[in-house]
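Next come the chains, spelled out residue by residue.
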Amino acid sequence: MKQRVVLVDDHDMVRAGVRSQIGEHVDIVGEAADVADAISVIRSTTPDVVLLDVHLPGGNGPAVIAGLPDTEAKFLALSVSDAADDVIEVIRAGARGYVTKNISGDELVDAIKRVGDGDAVFSPRLAGFVLDAFALEIPNPVDPELDLLTAREQEVLRLLARGYAYKEIARRLTISIKTVESHASAVLRKLQLSNRNELSHWAARRRLI
Amino acid sequence: MTNVTQSTGAEPRPRPADASLWSMPHLDKDDRWLGGVASALAVEVGVDATVTRAAFVILGLTGYGVVLYLALWLWFTLQRPSEVHQPLPKAIDPTRRHIGVLAVTGGLFTLFVQLPTGVSSLGSVMSLAVLLSGVVMIWSRGAVDWEASDEIRRFIGGALLVTVGLIALFLFQFGVSAVSAAILVALVGLIAALGTIFGPWLWRAGAALGDERRLRIRADERAAVAAHLHDSVLQTLTLIQHNAGDATATVSLARRQERELREWLYSSGSTSSAPEFLRGAIAGIVNQVEEMHRIPIEVVVVGDCAVDDAVLALLKAAREAMVNAARHSGADRIDVYAEVEAGTLTLFVRDTGSGFDQSAVPADRRGVADSIRGRVERAGGSVAIASEPGEGTEVELQVPYSEQPSPGVSTAEISTTAGGDS
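Chains A and B, in that order, give the protein sequences.
Each residue of the first sequence is one higher than the one before, counting from 263 in this note's numbering.
Each residue of the second sequence is one higher than the one before, counting from 1484 in this note's numbering.
Simulated from the structure, these hints should not be mistaken for lab results.
Each residue gets a CB set at the ideal place from its N, CA and C atoms; glycine is no exception.
Take the hints with a grain of salt, since some may be wrong.
To be verified - Some chain B residues judged to face chain A by a derived CB distance under 10 Å, without partners named:
(1) L1670
(2) L1685
(3) R1687
(4) R1745
(5) V1782
(6) R1816
(7) Y1820
(8) E1824
(9) D1834
(10) R1856
Claimed, not checked - Pairs of lysine to aspartate or glutamate, DMTMM-like flavour, derived with a Cα cap of 20 Å:
(11) A:K429 to B:E1743
(12) A:K363 to B:D1694
(13) A:K363 to B:D1840
(14) A:K440 to A:D379
(15) A:K363 to B:D1703
(16) A:K363 to B:E1781
(17) A:K429 to B:E1741
(18) A:K452 to A:D289
(19) A:K452 to A:E430
(20) A:K264 to A:D299
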């Protein structure tokens, strides 16, 4: 069965491009160009996956996710934006992954399927951002578990950053693809739940090395 | 009057989030009856503006409150932060402005009557009233608009009242007999009157000048952005139009421009884009290789460090690894990942192309591999090459780096010394 997808992007050309890239493989049930539209379209069409631009008129990607607290839809951030803060913010708002707009059509279809199944999607860039965010050693007195990546999670993230696909990672670490997926989901969860507010400001400090 | 009731019934406004403890109260251009001093103080103290306004009125009855108000107004205004993006203030509601001006005038009146050399006679009091009402007329003007005829009429009327009031005041205070002394005092009075009349106008003109300066700064910023876009984006777009038939050229031009623009947007002013630091140095190399070999290179860098001799050796080796991947692998994309961690810099260059059997490497390619290996190992680092036929190739380079930043090597050096093989 085809995934039901809503496209949210304020540029008509981008939406048209994405539509032609993936239109054959998924069922595009709605489109929106700003935050308010997105919220009402997603409410009325109840898609499986929302492709969400990070920058939108009327409040950006995180505002769309925040406006739909009860939705069953999964969000996949799709952006040209490279500012780490913006990307981390949309993930922390609840997006299940981040891919850049120069991704190929097949990869995008694969990412949509993965997000629809409840898994996490890491582009190499997002993996790099996350490694960077967790590289600062700031002990969290409340819940240290949330602020540290396990050795295995770091290993998976490094391979993602090096451009490995999930199945290549599974083969290399001799674990199953399911295990790789669960590591990726665990990292995403930590990123979303970690209450270190330093996360949003890490980039600036990281450059002071 | 609806505006008035709305604002007095409002909750105390919170202090601006970024205001530190000792920051200057900020005159609120939108919530004010006269100069906004009361509402600024209210924000600072954390009470409703009604309270501070009432306090000023009560103090104003003694006369000294007015002096205090004017002094604070002047002080706050001089301390005004020079924000470039300050929005233009809303005009004050005319009713409020008149009430405010009347309050000040009444206070001044009381003050003068109380002075030791007091204004005693009824005539003096009345001439003072005439004088002050002239001042009110001039000061309660709205925005400077010398075109409007009723503005000018009001101004002339106000000036007449001030002059008549001054002359009458002198006559009643000092009498006709003291004319010689009065001439001297009248001169001083004239200057004071001129100051009173033209003061507001000069003040406004000065403020307008400041606004103009802010606008000019904004325009300069715009010009700088436009210049940058012209030199980079527009040039690239022109090149793309000329190369429309050549897909790979178009893609590589677009990618290069994308990277440059991104670098400019997100790291302007930070050290990370400088070639003396790892991020900038890698970006420089990747741009060269992409341009020369027309292949997209995906770069992820975690952390940053200064480029010292060991890092430079690694970067030269990395450049060769990228060039090799671009020329021999047949892959449609190269992934580069660099990580700075606890005194070690690790860099991976990976492609998913043809790969090769390492035990059966032809002599010329072994030479390249050795030159990569030799460079890094001489710098105290290590190299690992993983490749299988059909499985792509990954080159892992690792060097220790010194924690003390000692920049001073540029990527120009990398490209000239490592560029021989292309």
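Now the hints, each set against the structure:
no. : hint              : verdict
1   : L1670             : violated (62 Å)
2   : L1685             : violated (44 Å)
3   : R1687             : violated (37 Å)
4   : R1745             : holds (5 Å)
5   : V1782             : holds (9 Å)
6   : R1816             : holds (8 Å)
7   : Y1820             : holds (4 Å)
8   : E1824             : holds (7 Å)
9   : D1834             : holds (9 Å)
10  : R1856             : violated (20 Å)
11  : A:K429 to B:E1743 : violated (33 Å)
12  : A:K363 to B:D1694 : violated (42 Å)
13  : A:K363 to B:D1840 : violated (35 Å)
14  : A:K440 to A:D379  : holds (12 Å)
15  : A:K363 to B:D1703 : violated (33 Å)
16  : A:K363 to B:E1781 : holds (13 Å)
17  : A:K429 to B:E1741 : violated (30 Å)
18  : A:K452 to A:D289  : violated (31 Å)
19  : A:K452 to A:E430  : violated (24 Å)
20  : A:K264 to A:D299  : violated (24 Å)
Consistency note: the structure conflicts with the earlier hints numbered 1, 2, 3, 10, 11, 12, 13, 15, 17, 18, 19, 20.
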